[in-house]
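Input sequences plus hints: build the corresponding full structure.
Here is what each chain is made of, one letter per residue.
There are 2 protein chains.
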Amino acid sequence: MTEVETKKPQESLQDRLAQVVELLQRHRLVEDLTHRQEGQHQDRVEGLVHRQNLAELQRKLDDLHSADVAYILEALPLEERLTIWQLVKADRDGDILLEVSDAVRETLLADMEDHEILAAAKEMDADELADLASELPRDVVHELMETLDAQQRERVRSALSYEEDQVGALMDFEMVTIREDVSLEVVLRYLRRLKELPGHTDKLFVVDYDGVLKGVLSIKRLLVNDPEKQVAEVMANDPVSFHPDEDAYDAAQAFERYDLISAPVVDKNGKLIGRLTIDEMVDLIREESESEVLNMAGLREEEDIFASVWKSLRNRWAWLAVNLVTAFLASRVIGLFEGSIEKLVALAALMPIVAGIGGNSGNQTITMIVRAMALDQVSTGNTSRLIRKELGVSLINGLVWGGVIGIVAYLLYDSWSLGVVMTAAMTLNLLLAALMGVLIPMTLVRLGRDPAMGASVMITAVTDSGGFFIFLGLASIFLM
Amino acid sequence: MTEVETKKPQESLQDRLAQVVELLQRHRLVEDLTHRQEGQHQDRVEGLVHRQNLAELQRKLDDLHSADVAYILEALPLEERLTIWQLVKADRDGDILLEVSDAVRETLLADMEDHEILAAAKEMDADELADLASELPRDVVHELMETLDAQQRERVRSALSYEEDQVGALMDFEMVTIREDVSLEVVLRYLRRLKELPGHTDKLFVVDYDGVLKGVLSIKRLLVNDPEKQVAEVMANDPVSFHPDEDAYDAAQAFERYDLISAPVVDKNGKLIGRLTIDEMVDLIREESESEVLNMAGLREEEDIFASVWKSLRNRWAWLAVNLVTAFLASRVIGLFEGSIEKLVALAALMPIVAGIGGNSGNQTITMIVRAMALDQVSTGNTSRLIRKELGVSLINGLVWGGVIGIVAYLLYDSWSLGVVMTAAMTLNLLLAALMGVLIPMTLVRLGRDPAMGASVMITAVTDSGGFFIFLGLASIFLM
Numbered sequence: 001m002t003e004v005e006t007k008k009p010q011e012s013l014q015d016r017l018a019q020v021v022e023l024l025q026r027h028r029l030v031e032d033l034t035h036r037q038e039g040q041h042q043d044r045v046e047g048l049v050h051r052q053n054l055a056e057l058q059r060k061l062d063d064l065h066s067a068d069v070a071y072i073l074e075a076l077p078l079e080e081r082l083t084i085w086q087l088v089k090a091d092r093d094g095d096i097l098l099e100v101s102d103a104v105r106e107t108l109l110a111d112m113e114d115h116e117i118l119a120a121a122k123e124m125d126a127d128e129l130a131d132l133a134s135e136l137p138r139d140v141v142h143e144l145m146e147t148l149d150a151q152q153r154e155r156v157r158s159a160l161s162y163e164e165d166q167v168g169a170l171m172d173f174e175m176v177t178i179r180e181d182v183s184l185e186v187v188l189r190y191l192r193r194l195k196e197l198p199g200h201t202d203k204l205f206v207v208d209y210d211g212v213l214k215g216v217l218s219i220k221r222l223l224v225n226d227p228e229k230q231v232a233e234v235m236a237n238d239p240v241s242f243h244p245d246e247d248a249y250d251a252a253q254a255f256e257r258y259d260l261i262s263a264p265v266v267d268k269n270g271k272l273i274g275r276l277t278i279d280e281m282v283d284l285i286r287e288e289s290e291s292e293v294l295n296m297a298g299l300r301e302e303e304d305i306f307a308s309v310w311k312s313l314r315n316r317w318a319w320l321a322v323n324l325v326t327a328f329l330a331s332r333v334i335g336l337f338e339g340s341i342e343k344l345v346a347l348a349a350l351m352p353i354v355a356g357i358g359g360n361s362g363n364q365t366i367t368m369i370v371r372a373m374a375l376d377q378v379s380t381g382n383t384s385r386l387i388r389k390e391l392g393v394s395l396i397n398g399l400v401w402g403g404v405i406g407i408v409a410y411l412l413y414d415s416w417s418l419g420v421v422m423t424a425a426m427t428l429n430l431l432l433a434a435l436m437g438v439l440i441p442m443t444l445v446r447l448g449r450d451p452a453m454g455a456s457v458m459i460t461a462v463t464d465s466g467g468f469f470i471f472l473g474l475a476s477i478f479l480m
Numbered sequence: 001m002t003e004v005e006t007k008k009p010q011e012s013l014q015d016r017l018a019q020v021v022e023l024l025q026r027h028r029l030v031e032d033l034t035h036r037q038e039g040q041h042q043d044r045v046e047g048l049v050h051r052q053n054l055a056e057l058q059r060k061l062d063d064l065h066s067a068d069v070a071y072i073l074e075a076l077p078l079e080e081r082l083t084i085w086q087l088v089k090a091d092r093d094g095d096i097l098l099e100v101s102d103a104v105r106e107t108l109l110a111d112m113e114d115h116e117i118l119a120a121a122k123e124m125d126a127d128e129l130a131d132l133a134s135e136l137p138r139d140v141v142h143e144l145m146e147t148l149d150a151q152q153r154e155r156v157r158s159a160l161s162y163e164e165d166q167v168g169a170l171m172d173f174e175m176v177t178i179r180e181d182v183s184l185e186v187v188l189r190y191l192r193r194l195k196e197l198p199g200h201t202d203k204l205f206v207v208d209y210d211g212v213l214k215g216v217l218s219i220k221r222l223l224v225n226d227p228e229k230q231v232a233e234v235m236a237n238d239p240v241s242f243h244p245d246e247d248a249y250d251a252a253q254a255f256e257r258y259d260l261i262s263a264p265v266v267d268k269n270g271k272l273i274g275r276l277t278i279d280e281m282v283d284l285i286r287e288e289s290e291s292e293v294l295n296m297a298g299l300r301e302e303e304d305i306f307a308s309v310w311k312s313l314r315n316r317w318a319w320l321a322v323n324l325v326t327a328f329l330a331s332r333v334i335g336l337f338e339g340s341i342e343k344l345v346a347l348a349a350l351m352p353i354v355a356g357i358g359g360n361s362g363n364q365t366i367t368m369i370v371r372a373m374a375l376d377q378v379s380t381g382n383t384s385r386l387i388r389k390e391l392g393v394s395l396i397n398g399l400v401w402g403g404v405i406g407i408v409a410y411l412l413y414d415s416w417s418l419g420v421v422m423t424a425a426m427t428l429n430l431l432l433a434a435l436m437g438v439l440i441p442m443t444l445v446r447l448g449r450d451p452a453m454g455a456s457v458m459i460t461a462v463t464d465s466g467g468f469f470i471f472l473g474l475a476s477i478f479l480m
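Which chain is which? The protein sequence lines are L and E, in order. By the UniProt record's numbering, the letter at position 433 of the first sequence is numbered 433, and the numbering carries on one by one without gaps. By the UniProt record's numbering, the letter at position 459 of the second sequence is numbered 459, and the numbering carries on one by one without gaps.
None of these hints come from the bench; they were simulated from the model. Among these hints, one or two may not hold up.
[What the hints assert, rightly or not] Label pairs and their calculated CB-CB ranges:
1. L411(E) x G448(L): 31 to 41 Å
2. L479(E) x G339(L): 18 to 28 Å
3. D139(E) x E163(L): 47 to 57 Å
4. E196(E) x K268(L): 27 to 37 Å
5. A318(E) x N225(L): 49 to 59 Å
6. E196(E) x V182(L): 16 to 26 Å
7. L148(E) x D247(L): 19 to 29 Å
8. L329(L) x E338(E): 23 to 33 Å
9. G403(E) x E342(L): 21 to 31 Å
10. D181(L) x D114(E): 49 to 59 Å
11. Y209(L) x Q151(E): 31 to 41 Å
12. A232(L) x A318(E): 52 to 62 Å
13. G403(E) x L336(L): 19 to 29 Å
14. D247(L) x E196(E): 51 to 61 Å
Here the structure is a predicted model, which is why all the values come from computation and not from measurement. We put the CB at the ideal spot given by N, CA and C, even for glycine.
Following this line, the structure appears as structure tokens:
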């Protein structure tokens, strides 16, 4: 898609969302009225008001940037979302489809006829098509591929051949290439003939006759250097470049670290095959942090907040089921000590404190570690040092807070031995929490899994079962 | 600081970190040896090896981009970090100080003499100085301000006058400004005279004689249009611009939404006073998502993973203390029902299941809502709809999984009434979790607080106390 000059947002997005919602409500109110008074003489008047409201809504939407329409679609429940979608989809459905999240896109595509999808997709670039292909009906994709020229088709195929998290799946093909043996003056004239430059063009790619990348010429250098100079004199010979099978998250971190705007993607022979741009990388950084948050809470994937109850259930069941099993195991641990609890019912009241504080402390540790891992700051080389530090923190927390709660237990139940058991159990469970808070994400990474995956559910499972076992075990030994 | 042409990373960052660590270890090993064999004849040989290792390390570090050195400093424990810092700080301490996180910067500054800090700071731009000012010793800042010219001093003061989360604190002052009544040819000649353009210059700012922003001329348009044309014909009149007192997160979202690389900042009279660039916005997006993760787990602020035990304790105590209180309350709820537990000890084993599943489910809900709030998708207008949806999900989860666990309870304890109480309690606690999962973050926002703040601790508090109360209450009524 060609880039549109962005309009200045006069009001905040939230304001505009509120206006759209208000217009929608008026629209619906009138529709209800019209429906009730069908066949009566007010019909025409209501129909007029109705059309006026719709026209105002349409005008409002036409004024908005596609990204803003996408935002509004995201923030609306399904029914309202589809009303808006009907109003905008004729014009710029393609742009908007590319802006919305996967979950919302699915609901929009479900509302479109095949020929509408086809029309929208025809406006797209090869890399954009490849992004959407997996979500489009199979015969639409088939028909679409036939309308493309050979180069485009090849590009879509190539983009589709990479995993979602590889550089190849995120690159676009809008490179401006030049030769190294021409003057900057020639380059400037060449650019003028192009009439338009692709978005995010901060550098031109210098290639030889075989398409092998020789360097990059930044636009900044092009502008400040003498036009008589040759490209080869001015270009950077050794630019940051990526391979299509590299991990996209690593590329995003490189963009962040080196403040890149665009970067070439080359195959293993050094041939230029595409480019990465900062906008894709920003989306990736955002998605990565979000999936970290969601994964830690045991949510499988991005869930549109207005998703149907059924879709939400599917998203949440996997980890709830895991939690059910772990909770049951914790319950069986308690079951082992029913005899002790019968003798000293205070144990039942105190045991959730040991488990709860352990869970909280373990969650703090695991969050720290998962975050450091996402930033590549944790390697296996420093595991033992991290464990020592976390054990130190837990030991102090256990003695201090465990001591406090031990005193409270003594005051409540008038038993100093119960207080001591409480303090000891808290300390031991916090040490367990620290150890597992480091080891669980490390182990997941060694197994090639996402360290954030259900981290919270797993650490809680350990601190619950562990906490009950330690506390009730100590109590059975020393208090019975 | 002027921008450096980035070098192509030949190896992954992790590899380079490993190499540095290895060199450091060799360095230290030799140091130990030298120390032990002091005065012996091997001394000279060891000293030689030592110097060779240090030289190799120094070479390695000199090859690295400042951002990569910063990464390595972040990933090393304090002692090693300072060894590396000694090796690099003479040259490019300023660049590196700007790249590292706040927590690590503090440790580096503590290791520097005032005159070293002063030398580093003298290389910095006004906006960079303002970023660091709060962390520098007071007399260094004072001395620094005196060395600046009037305009620079004014800029530092202005940047310091804004809150950390306002646009004014993040803007820089490296704008290239032009007039609207000149030809593109003149602009091109003017740029050539500048010799160098600031980083992230994708557009020039068109201002009138009073400095009021009239429009922006994108470099892309400058390049493809006829040099005879006037700036006014080609520029965009209505660019996205920001005010210095706007919320920086909103600006970051606008950058993401409209794919901006740089944007003008204007005061309330429309006068151009600075600009925002995508690199600052990317950092902000990253920080924002990170603080969301940390806040949900009840961690106060960014904690360097190698922070001292004492610093870690301070970071984690606030929410641990809150958790201690809530756990104690949950324990007192159980205390209310000690009589029932004494009669039926199975209750003690089953009650953590009700609380645990409620906590997990509530965490899923609250994570969804906090995330949607961070993306501005939740307004008070759709609260009731969200609550209805979450209640629906919980009702089904409660009946299904509560039913399963009810059957298990029946099989274990051979009491169908216990099974029914279990199912009912699970369902009610999941409904409570859903309700509070929506209401807690909404209430925090209404009170002007961060919705993620200790969200996890709070929802768990509710589902623990609530779960125990519901389960033990129902059991006391129907089973006793």
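Each hint, compared with the structure:
1. L411(E) x G448(L): 31 to 41 Å: holds, 38 Å
2. L479(E) x G339(L): 18 to 28 Å: holds, 20 Å
3. D139(E) x E163(L): 47 to 57 Å: The hint (47 to 57 Å, Cβ to Cβ) holds, given that D139(E) and E163(L) are roughly 55 Å apart.
4. E196(E) x K268(L): 27 to 37 Å: holds, 35 Å
5. A318(E) x N225(L): 49 to 59 Å: holds, 56 Å
6. E196(E) x V182(L): 16 to 26 Å: holds, 23 Å
7. L148(E) x D247(L): 19 to 29 Å: violated, 43 Å
8. L329(L) x E338(E): 23 to 33 Å: holds, 25 Å
9. G403(E) x E342(L): 21 to 31 Å: Holds, since G403(E) and E342(L) (Cβ atoms, about 28 Å apart) stay within the stated range.
10. D181(L) x D114(E): 49 to 59 Å: holds, 53 Å
11. Y209(L) x Q151(E): 31 to 41 Å: violated, 50 Å
12. A232(L) x A318(E): 52 to 62 Å: Cβ of A232(L) to Cβ of A318(E): about 60 Å, so the range 52 to 62 Å holds.
13. G403(E) x L336(L): 19 to 29 Å: holds, 26 Å
14. D247(L) x E196(E): 51 to 61 Å: At 34 Å between Cβs, range violated.
Violated hints, listed in ascending order, are 7, 11, 14; each of the other numbered hints is respected by the structure.
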